[in-house]
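Below are the chains, spelled out letter by letter.
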Amino acid sequence: MSGDVYVLGIDMMKFGRYPEQTVPELGGQAALMALDDAGLTIDQVQALYCANLGQANAMVGQRILREIGQTGIPVVNCANACAAGATAFREAWISVKAGLYDIVLAVGVEQMGRGLLGGNRADGISTEGLLGSATMPAVFAEAGMEHARKHGTTFEQFARVSVKNHHHSTLNDRAMYQLETPLDTVMGAEMIAYPNTKLMCSVNVDGAAAAVLVSERKAKQLGMKRAVRVRASALTSDPWQERDLVMADVNTCTRNAATQAYEAASVGPEDLDLVELHDCFATAELLHYENLGLCPEGEAGAMIESDATALGGRIPVNVSGGLLSKGHPLGATGIANIYEIATHLRGEAGKRQVAGARLGLTHVLGLGSACAVHVLERVSP
Amino acid sequence: MSDVRTATVPRPAVPYLRIPPDADPYLVGTVCSRCAATFVGARKVCSRCGARGGMGTMALSNEGTLHTYSIVYRSFPGVSVPFVSAVVDLEGGGCLKGNLINVKPDPREITFGMPVEVVFRDAGRRDADGNAYLSYFFQPRTAGGGQAR
Chain A
1 MSGDVYVLGI
11 DMMKFGRYPE
21 QTVPELGGQA
31 ALMALDDAGL
41 TIDQVQALYC
51 ANLGQANAMV
61 GQRILREIGQ
71 TGIPVVNCAN
81 ACAAGATAFR
91 EAWISVKAGL
101 YDIVLAVGVE
111 QMGRGLLGGN
121 RADGISTEGL
131 LGSATMPAVF
141 AEAGMEHARK
151 HGTTFEQFAR
161 VSVKNHHHST
171 LNDRAMYQLE
181 TPLDTVMGAE
191 MIAYPNTKLM
201 CSVNVDGAAA
211 AVLVSERKAK
221 QLGMKRAVRV
231 RASALTSDPW
241 QERDLVMADV
251 NTCTRNAATQ
261 AYEAASVGPE
271 DLDLVELHDC
281 FATAELLHYE
291 NLGLCPEGEA
301 GAMIESDATA
311 LGGRIPVNVS
321 GGLLSKGHPL
331 GATGIANIYE
341 IATHLRGEAG
351 KRQVAGARLG
361 LTHVLGLGSA
371 CAVHVLERVS
381 P
Chain B
1 MSDVRTATVP
11 RPAVPYLRIP
21 PDADPYLVGT
31 VCSRCAATFV
41 GARKVCSRCG
51 ARGGMGTMAL
61 SNEGTLHTYS
71 IVYRSFPGVS
81 VPFVSAVVDL
91 EGGGCLKGNL
101 INVKPDPREI
111 TFGMPVEVVF
121 RDAGRRDADG
131 NAYLSYFFQP
141 RTAGGGQAR
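Which chain is which? The protein sequence lines are A and B, in order. Under this note's numbering, the first residue of the first sequence carries the number 1, and numbering increases by one thereafter. Under this note's numbering, the first residue of the second sequence carries the number 1, and numbering increases by one thereafter.
Don't take every hint at face value.
As the list claims (entries may be wrong) - Under the rule of at most 30 Å between Cα atoms (straight-line distance), these lysine-lysine pairs were calculated in the BS3-like manner:
hint : chain 1 : residue 1 : chain 2 : residue 2
1    : A       : Lys218    : A       : Lys97
2    : A       : Lys220    : A       : Lys150
3    : B       : Lys44     : A       : Lys150
4    : A       : Lys198    : A       : Lys351
5    : A       : Lys97     : A       : Lys220
6    : A       : Lys198    : B       : Lys104
Rather than coming from a laboratory, the hints here were simulated on the basis of the structure.
Let's have the full structure, built from the sequences with the hints guiding it.
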């Protein structure tokens, strides 16, 4: 094992709708932004790890190199549901950690349609609405209702997550939306799958984000000033649970990944200054407060009410606006939330800067299930 | 499949629904002889303990309790809404997702842990060749515990 791995350059494009651009164009744009941020060029990159779901069988990473420089380096294309971006980042991290490369690039990119994700197509008849629902809003509603069953969590508490995250993104010009959504607006929006209203569902957007990861040796050589240290990287799948064939377990794999990441980084949740977690639906955010140890068991509802997770609170969560308001381009999300944490650790987050941020955590959850957690640390004093 | 009778017998909506010619339909599951984990449908290996070759077939119970649910208002085109998407724990093992029927789609009318029963009905939709399908549904359990049909 070599030394630590550092994020030297990282960036994301503004999330939005770019139907006139191709997936490789979007990914290439983010890759160049990250290289510029690191002060490097594509000729210096030794491997590319690329995340995308919509064109997972179509060599997106190689097509990105056709846009920005075909240098002949190895390319690995990753699909891992909504954890794809973080998985590509982690594979890049592993390759440097193993001592194989000094400079690698991780890119996440997605071009999304609009409307519902999920649902199933049987050979005979569609079972959506016959055997319950497999749409994402319903699946995460059911996970939220399981929390409501155990802890009495209310529709209003879930809705407060959306109020907070939409407010946060008014301070983030890279986010899809800069719109305040008061509680009555969130609760009164079209009901999609109770208790998730439309404003409690993440936004389908196009987007791309990229990161340049380097070895300690290379970081020292190129300059540590804006480098961000990767303190831990954990990836889990869901261990057996009685219900998991009909109800994907999003909790246990998150708890396991968090435990592994805290152990590897020798830190606890109380040491974190901010968190970007997988708020694909408002219901999900509250589950993950407890899964990541940000609050004791059963207290997530009270935690959102206390404003502890709002900017200025004890442990700000999803200051970027989160998937709910920044947007959720599936393959890009896992790198975009690392960008958000890195930006705060560098002290470059402007109006939404978490003051004095030194340690941050990112979490993504791919249903089915894959969970990735990264702990990132500021290097400069 | 040339038998004329088969044209009138509905097909199962899921592979783990059995429709015997002379008995009530039922759902089939698997139990592991090593760790006693239960599964809906057939399988050869236990995904809980990894045991191979020790899986036995079991009929799943038609009674269970509501674990969690969502009331779905927006679905794909052609799917009638609202409906209650329910996750039900069956007595004796097995967990199923399905529509909870004969209940008002209102959180005030639905209680976690409420006793439900599995009933079998026409799926109400046909495949491209016009075949009918039998599916399972959940409904609140009646006081007598009998299976309302």
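Check your understanding: Is A/Lys97 within 30 Å of A/Lys220, Cα to Cα?
Key -> Holds - the C-alpha atoms of A/Lys220 and A/Lys97 are around 15 Å apart, at most 30 Å.
Check your understanding: Has the given pair, A/Lys218 with A/Lys97, been kept, meaning a C-alpha gap of at most 30 Å?
Key -> 12 Å, holds
Point to revise | Restraint check for A/Lys220 with A/Lys150, where alpha carbons must lie at most 30 Å apart | key: Violated. A/Lys220 to A/Lys150 sits at ~50 Å, over the 30 Å cutoff.
Review point. Quick one, are A/Lys198 and B/Lys104 close enough, alpha carbons at most 30 Å?
Key: 22 Å, holds
Review point. Do the alpha carbons of A/Lys198 and A/Lys351 lie within 30 Å of each other, as the hint requires?
Key: This hinted pair holds, its Cα atoms lying about 27 Å apart.
Check your understanding: CA of B/Lys44 to CA of A/Lys150, is that 30 Å or under?
Key -> Violated, because 34 Å separates the two Cα atoms, which is more than 30 Å.
Comparing the model with each numbered hint stated earlier shows that hints 2, 3 do not hold.
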